Amino acid sequence: MKIIDTFAIIEDSLYAVQYEHETEFEHEWARCFNQWNNPIYLRDFFETHINDLENEFWKGITIEEAIKKTRGDAKLLENKLLEIAKTGKTNNLETLSTIFEPLSEGKIEKQFEKDKVKGTIYPSWLRIYAIRVSANVFVVSGGDIKLTKTMNDREHLITELKKLELTKEYLTDDENDNLDIVELY
Amino acid sequence: MSTEKILNKLKSSSKRDTTWLKQAKWRQENKEWLDFSFDVAVKIMSKLKSNKTFGLSPKNQKEFAELMGRTPQYVNKLLKGTENLQIKTIKEIERVLDINLIEVPKSEAKSELDKFFESFETFEYLYFDYKDVIYNSIDDILSSLEDNIMGENIGYNPTPEEVYEGVEDENEDKYKSAA
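Here the protein sequences come in this chain order: S and H.
Using the working numbering, the first residue of the first sequence is number 1, and each one after it goes up by one.
Using the working numbering, the first residue of the second sequence is number 1, and each one after it goes up by one.
No wet-lab data here; the hints were simulated from the structure.
On a predicted model such as this, the values are computed, not experimentally measured, just so you know.
Hints are supplied without guarantee of correctness; some may be wrong.
Claimed, not checked - Interface residues of chain S toward chain H, partial, derived using beta-carbon atoms under 8 angstroms:
#, residue
1, Ala-30
2, Phe-33
3, Val-133
A virtual CB, placed ideally from N, CA and C, is assigned to each residue, including glycine.
Build the full structure now, drawing on both the sequences and the hints.
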């Protein structure tokens, strides 16, 4: 897995990476919302993870209901982001720095904190993951649907953890910095 | 690398998003028909899955396309939930899959005649239970009018007993019990 580009979604505030193997989408942010609005993708996802969906926590939700819930939740999250993109905040005065939270509850890091955004409808299984570069600057590394309590037990979520680590390395890697300088000359 | 360097690097080397913002706005602007198109796609897939479970046809996208007389590529596009469906296509899907997708709701407005008969029944119900109240109210109105016309007596004022003398309505009990 290799990062080949970063994209500015909201200038000086929200960025997203693009991976070499995911060039169907412009960047990870677009990939998430594209997939969460795609009935074929969602059907396939929930059929694959039917055992997790049948956990009593999700109160017997059917695949059909889960697909609609995902899209509905994604729509609300997307509208929130559109407001922030337009005005810097939502009607409820939320900003990027308030909707992103530490990946692990209470685990606040000094630098390059691993963060997440959850969907709006509680309990939401939508997740977008990012590295917080500074108070109001985020670089999205990926996102997915989290049906389980922890990330470590599911392959697709372990991949998201790897993406977070990869994005952090990409940003902090001094070699990348030197490469830029060499290319200038 | 320092935070400041990283921020500068992001600012200078990042490309500009050209897809998400446009797509998000499009989704917002077309939400009504997109909602419907999405729901149709979800329902089609559920039905195909159900048919497969029970050994019915069509049981997959290929068979569905054949019965619809469309290409598999079209069906795939349809199932992505972004197709602005024509009514003809919707009815075709309903026929092929034996499902309901759209229905014109029955009118909740009652006809004027129905309203009249209902009010008539209500009046009769009120009349037999509150006849004294109604009668006295009418009496008051007439008296008031009478007072306004110098010395003229404009109406005959029968007593309640005189009105109902000798006549019983067979439905009277029904209205009383309804109260």
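Practice task
Would you list, in rising numerical order, the hints stated earlier that this structure does not obey?
Solution key: none
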